[in-house]
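Quick note on numbering: the working numbering labels position 19 of the sequence shown as 19, and the sequence is numbered without any gaps.
Hints are computed from structural coordinates only; laboratory data are not their basis.
Do not rely on the hints blindly, as some may be mistaken.
Claimed, not checked - Straight-line Cα separation of at most 16 Å, EDC-like style, residue types lysine to aspartate or glutamate; simulated pairs:
{"id": "1", "residue 1": "65", "residue 2": "32"}
{"id": "2", "residue 1": "77", "residue 2": "3"}
{"id": "3", "residue 1": "77", "residue 2": "32"}
{"id": "4", "residue 1": "65", "residue 2": "39"}
Stated by the list, open to error - Label pairs and their computed distance ranges (CB to CB):
{"id": "5", "residue 1": "29", "residue 2": "76", "range": "17 to 27 Å"}
{"id": "6", "residue 1": "42", "residue 2": "77", "range": "16 to 26 Å"}
{"id": "7", "residue 1": "83", "residue 2": "56", "range": "13 to 23 Å"}
Keep in mind that this is a model prediction, so the values were computed, not measured.
Just so you know, even glycine gets a beta-carbon here, dropped at the ideal spot from N, CA and C.
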Amino acid sequence: MLEDGTELRFDHGAPYFTVSNGEVARVVSGWEARGIVAEWKATFACFDLATGKFTDFEKEGTAKKYVGVPAMNSICKSLCVEDG
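With the hints as constraints, model all of the structure from the sequences given.
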């Protein structure tokens, strides 16, 4: 937590994934409809240790980015209970 009370969260795993294949896009669309994944619209930032401040980066690429809801392991948990 920062001195001003701002809570910080750090995700040390895969922050997001993108889709470039039509068949996979249909699967991910189904996950999105079921609430397993959601579009990730956050921005990247860099922490400058010398100043103690964050600086914004431009978003990486234009592909839609997805995250698991509420966590990335939600995708695996969902796959474990699916038929087939």
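Quick rundown of the hints versus the structure:
About 12 Å separates the Cα atoms of residue 65 and residue 32, which keeps this hinted pair within 16 Å; it holds. Between residue 77 and residue 3 the alpha-carbon distance is near 37 Å, which puts this suggested pair outside the 16 Å criterion. For a cut-off of 16 Å, the pair hint linking residue 77 to residue 32 stands: about 15 Å separates their Cα positions. Restraint check: the Cα-Cα separation between residue 65 and residue 39 comes to about 6 Å, which is no more than 16 Å; the hinted pair holds.
Distance hint check for residue 29 and residue 76: the Cβ-Cβ separation is about 18 Å, which falls inside the suggested range of 17 to 27 Å. Range check, residue 42 to residue 77: Cβ separation about 22 Å, and the 16 to 26 Å hint holds. Distance hint for residue 83 and residue 56: a CB-CB separation of about 44 Å, inconsistent with the stated range 13 to 23 Å.
Against the hints set out earlier in the document, violations occur for numbers 2 and 7.
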